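Quick mapping for you: the protein sequence lines, in order, are chains W and C.
So the first sequence is numbered by my numbering: it starts at 1 and just counts up by one.
So the second sequence is numbered by my numbering: it starts at 1 and just counts up by one.
Quick caveat, the hints were computed from the structure, so don't treat them as lab data.
In this text the structure is predicted, and so the values were computed from the model without any measurement.
We put the beta carbon where it would ideally sit given N, CA and C, even for glycine.
It is possible that part of the hints are untrue.
The calculated DSBU-like cross-link candidates involving lysine-lysine, where the alpha carbons are at most 35 Å apart (straight line), are [unchecked claim]: (1) W/Lys78 x C/Lys260; (2) W/Lys111 x W/Lys275; (3) W/Lys161 x W/Lys30; (4) W/Lys78 x C/Lys294; (5) W/Lys94 x C/Lys260; (6) W/Lys30 x W/Lys94; (7) W/Lys144 x W/Lys233; (8) C/Lys107 x C/Lys260; (9) W/Lys275 x C/Lys293; (10) W/Lys25 x C/Lys260; (11) W/Lys233 x C/Lys221; (12) C/Lys294 x W/Lys233; (13) W/Lys111 x W/Lys165.
Residues from chain C that keep clear of chain W, each with C-beta distances beyond 10 Å, as calculated [what the hints assert, rightly or not]: (14) Thr185; (15) Lys200; (16) Asn208.
Just a few of them, taken from the derived set where beta-carbon distance is under 7 Å, the chain W residues facing chain C [unchecked claim]: (17) Phe53; (18) Gly80; (19) Gly96; (20) Gly252; (21) His258.
Single-letter residue listing:
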Amino acid sequence: MQNPYMPSPVTIEQIDIENDLKDIKTFRLKFEREEDSRRFNYKPGQFAELSLFGFGESPIGIASSPTEEGYLLFSIKKTGTVTSELHNSEQGRKMGIRGPFGNSFPWDRMKGKNIVIVSGGFAFTTLRSAIIYMMDARNRGDYKNITAVYGARSPGEFLYKKELKKWQQSEDIDLTLTIDRQAEEEWDGSVGLVPSVLKDVSPSAENSIALVCGPPVMIHFTVPVLLELGFRKEDIILSLENRMKCGIGKCGRCNIGHKYVCVDGPVFTFSELEKLQTE
Amino acid sequence: MKTGILTKPEIQELFSSMITKNGEESRIFVPATIEGRVILEEFSPEREIFYDFANFLRPPKGIFFPQREVLCSFEQERAVEVPPAAGRIIIFGIRPCDARSFLFLDKIFSAGSSGFADPYYLGRRENSVIISLSCIEPSEGCFCTSLGGGPGDESGSDIVAFDLGDRLLFEAHSAKGENFIEENTTEFRQPDAADQNAKKESLQAAFNAISRISTDGLVEKLDDDFSDSFWEEITATCLGCGVCTYLCPTCHCFDITDEKDRDGTGTRVRTWDSCQYPLFTMHASGHNPRAEKKQRMRQRIMHKFSYTPRTTGDVFCVGCGRCVRKCPVNLDIREVIRKINGE
Ligand SMILES: Cc1cc2nc3c(=O)[nH]c(=O)nc-3n(C[C@H](O)[C@H](O)[C@H](O)COP(=O)(O)OP(=O)(O)OC[C@H]3O[C@@H](n4cnc5c(N)ncnc54)[C@H](O)[C@@H]3O)c2cc1C
Ligand code: SF4
Ligand code: SF4
Ligand code: FES
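Chain C extracted, bound-state conformation (with noise of 0.2 Å):
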């Protein structure tokens, strides 16, 4: 494995060295401020990258697979395509948890799904690079220990970095992360056996911090038919505002909609959608498949814990704790596993 020691200040010139190198561009993604709030920015050489956060509110989907997105324009008629922007992506700084959604996301826009591949996905995709930053304090509502992920896990991550104080240590984990490190190498130093133990114990600290629950056997257990009414009564205080879907790093529902201007040319929009909205699913003939907040939020829980186990292998929740975090009725996803495990 490459690994690599580099000076909070160094990161910040290397980065600034990137936006454009080799003729390439680079778009480049790093945890800063804006108004008091940790939001992940496209970084310029002015903007101070910021390290003491939790994580950020938003998910990083957003940079693959955005809120809003043109698929296509048309003018007298006729579809032209929109290309997605070329260019490499760096993303730096995102919890390795967040980086995991990605594999998940990968599947979903991916041609082994469905037999289509999704070209806008993908084509920002397969030029990105991810560098994840191991948690050192994790926030309340985390739990992805419970879910194979970790504060340091490496799973979508092309380099771990791990926040030592005034030092990064970065570790390779992909042949994308290694070429990362091999072309930067001049810059990196070699780390030792006090960086290691920095690392060991920031990790150990962050590990029991996090909250556990069980998933053992929940694929099984959710083949069981829950009645109505524990639907009902879970979701008794849910407003089906659709925070929990919009902010979950793995949830991929979006919808389709044409925008025209008065000379009759536009675009074909995508937008992220929610599950947890009526009209997702109404029929035109008025029929709704999931017409009640309980069947809705059935969805989503089966969605991530039976369903896509099923098709993708996958359970499709990192334990990223947003949507504990979130709710404003605080509906704690973790309190509905323990409800399902019988606890």
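Just chain W, with the same shape it has in the complex (with noise of 0.2 Å):
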């Protein structure tokens, strides 16, 4: 019987930090058996539970894509008692990972589609996953128009700058940079909160599906704006991050009403949480 609480082997091979503050940070980690790296099978949207032992476990966001091949990436905010001794790691050190876990955005329904991203703040990790795994030469023909609209308080706090660059000067995805306000640094991008943007990029809902993460408010003012573009409730697609601890549907913590997040999610579209909200 294959031991779901037993973590693999992995080793941090490269941290970057991504933003001014530096509280957040890329983590490329590489597993140390092969056959560990083959079992690895994930889609964008999912996550993995990383372990330092002696410290514990966070459920984190899988960043890199599927198409990147040979390692992950995690980026990482400094929260608590994990995250912060990961912040305090060097390159070298050994760890542990568990997954990948959860559904994943719903790939199968996004074929032949419009794909619309929304995102604000740090939550564009599985976002960058979903656009790296969708701008792949042996992908992009399966999506129609990719629109992206990303935003955060201030140009040094975008996560994935290279990443970023390369996408504005893309034919294949038009994406939109937004800071909350005015910045004192030169900035070319826009200005304006998140939802409000949307209102001007105003992505077609013919046919299209949105991708939204981001902090509580920025969902709660972005999901109307999406709803007065045309968009169906079933076709606005939102990431959970309730606590977690065993992520496999046993430790029963991170439910809303009778789904877990851990197994059921963390991907629900717009019309299946306002169901299980009131449960």
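Hints given; two lone chains; assemble the complex.
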């Protein structure tokens, strides 16, 4: 019997500081055993439990795409015990990983559709995975227009600046970056909060699916904009971050109504969530 | 159905001979008294089996799902698997309600619920024999018959034993139970009409003593969004101590934490946890979806009477009455159900 509580050994290969506040770092992990790497089959939208022995585990969304072979990326904000210890770590440190867990973005339903991506703050991680995946030459033909609106407090707070630059120059994605208010630094993107910028960009709801990841307030104000644009509730896709321990539907803490976010989620449609929230 | 009679001294002897038999080790759990308390305790030939009790304070779930257990150890930043102890487990003398709770726990810890099987629970559970003991004098607070159970109910039991005074009548209800009687057939005598009569009488008396609630249409009733004030009223006096969940035979929520020694070695342990504690669901951001008592009690009731019926087909309450008897502020789950029923 495969033991779902046993972490597989991985090594931190590289650590990149993502933002000016230096509280978000991206960790590049490599499996020590080839068989673990092969078994770790994932789709964008899933998460893993990262283990630092003696400190504990944290559920973290997978920021790399399965098209990026040979390593995994996780962008982690310094928050409590485990994430702070991760931030104190150096390249070469050994740790553990369990997963992949949860469902993913609805990749079957997304085929042949226009994809609209809306994100704010550092919740962009699994959307990086989704964009890299769709932009891969082997997959790009499966999706129509890709439109993305991504907001941060200030220019220095965007994640994945290298990729963002590449996407801004690409014909394959229409990316709008926005900052909350006018910055002192040089800035040639939009200024304003994500929901209002989304309204300006006004992507068509026709044959479209929207993936929305961000802090609760952003989601609260973004969903009405999408509904107004004509998106159906089942075509608005959200990802939840409930507190988790086991990641495998046993420990009982991550539920919303009768669903466990760790196995039935973390990705839900807005119409599913509306029903679950009243349960 | 295979049946058999043993006198109480014969049972004592049988278990003594079974601790090691044909090269196989068994851990046998039986009712015993320690300092005036009746507990489910590991059997040894010197330990006298005790029969004169209503039920144990603690549910038996800890035998398969210990209150604290090591999942793995670690040294030099590497995890080492710690498998559960091997060997057969025989549980004798738990009440039918508690035996029934194992069927529910089985669903949670097997792969069926989420695609992941729990090797720690299942490793112990799969190699176990459950011999329950029918109830003679139910306690205040028992309401098993309202939830599909009963004083002689066989669900979850490999064998049900009926206490007939100086002797016990054993009835096998599974292949494991039949094997058990078969393997030890020289010790068992066949029951006669007097034995069967005595069994019927004791069951009827117990049955009549058990309180009842109505659970008709409860899942649908819970679909109605009860107002916040409904839950607030119910939980007005609740201390949030979690006793109702720790003592519940079907509650299975747990925490996982690391314990580290100075030299960097340590263990990852799993411990019982409770939905009645605010930290149970507190997000890293500080946001808490169930920050208030009323939300946490609602979760407890909904989980047992609405969510698990949908996900597993079972109400996760066997009516053992522990939470009724032991809540320090007498918050009675039967009363909560009656209120939901509009009674
Ligand atoms: C599906 C999913 C995906 C996620 N993806 C990401 C991601 O990509 N990147 C990311 O950075 N995060 C992500 N998270 C969030 C991440 O899991 C948490 O930030 C992380 O688990 C925090 O762990 P920690 O050990 O550092 O904090 P902990 O030490 O567990 O603390 C968590 C928080 O609770 C507080 N706390 C702890 N104990 C107490 C106490 N006794 N009293 C009061 N407060 C207390 C701490 O101060 C802290 O703010 C995700 C979560 C989920 C569920
Ligand atoms: S035992 Fe009683 S007081 Fe304690 S948490 Fe349960 S309902 Fe509240
Ligand atoms: S909810 Fe109360 S009565 Fe029901 S099984 Fe649990 S402890 Fe027993
Ligand atoms: S994290 Fe344990 S049930 Fe979801």
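Status of each hint after checking the structure:
1. W/Lys78 x C/Lys260: 21 Å, holds
2. W/Lys111 x W/Lys275: Distance ~26 Å between W/Lys111 and W/Lys275 Cα, so the pair holds.
3. W/Lys161 x W/Lys30: 23 Å, holds
4. W/Lys78 x C/Lys294: At roughly 32 Å apart (the allowed maximum being 35 Å), C/Lys294 and W/Lys78 satisfy the hint.
5. W/Lys94 x C/Lys260: It holds: about 16 Å lies between the C-alpha atoms, which stays within 35 Å.
6. W/Lys30 x W/Lys94: Roughly 10 Å between the alpha carbons, so the hint for W/Lys30 and W/Lys94 holds.
7. W/Lys144 x W/Lys233: Within the cut-off at roughly 20 Å; holds.
8. C/Lys107 x C/Lys260: 33 Å, holds
9. W/Lys275 x C/Lys293: 23 Å, holds
10. W/Lys25 x C/Lys260: OK: W/Lys25 and C/Lys260 at ~26 Å, within 35 Å.
11. W/Lys233 x C/Lys221: 27 Å, holds
12. C/Lys294 x W/Lys233: This hinted pair holds, its Cα atoms lying about 30 Å apart.
13. W/Lys111 x W/Lys165: Since the Cα atoms of W/Lys111 and W/Lys165 sit roughly 26 Å apart, the hinted pair holds (cutoff 35 Å).
14. Thr185: 34 Å, holds
15. Lys200: At roughly 40 Å from the nearest Cβ of chain W, C/Lys200 sits farther out than 10 Å, so the non-interface label holds.
16. Asn208: 36 Å, holds
17. Phe53: The hint holds - W/Phe53 has a Cβ within 7 Å of chain C, the shortest such distance being about 4 Å.
18. Gly80: 6 Å, holds
19. Gly96: Hint on W/Gly96: holds, closest Cβ of chain C at ~6 Å, below 7 Å.
20. Gly252: 3 Å, holds
21. His258: At about 4 Å, which falls below the 7 Å cut-off, the nearest Cβ of chain C leaves the hint on W/His258 intact, so it holds.
The structure meets every hint from the earlier list without exception.
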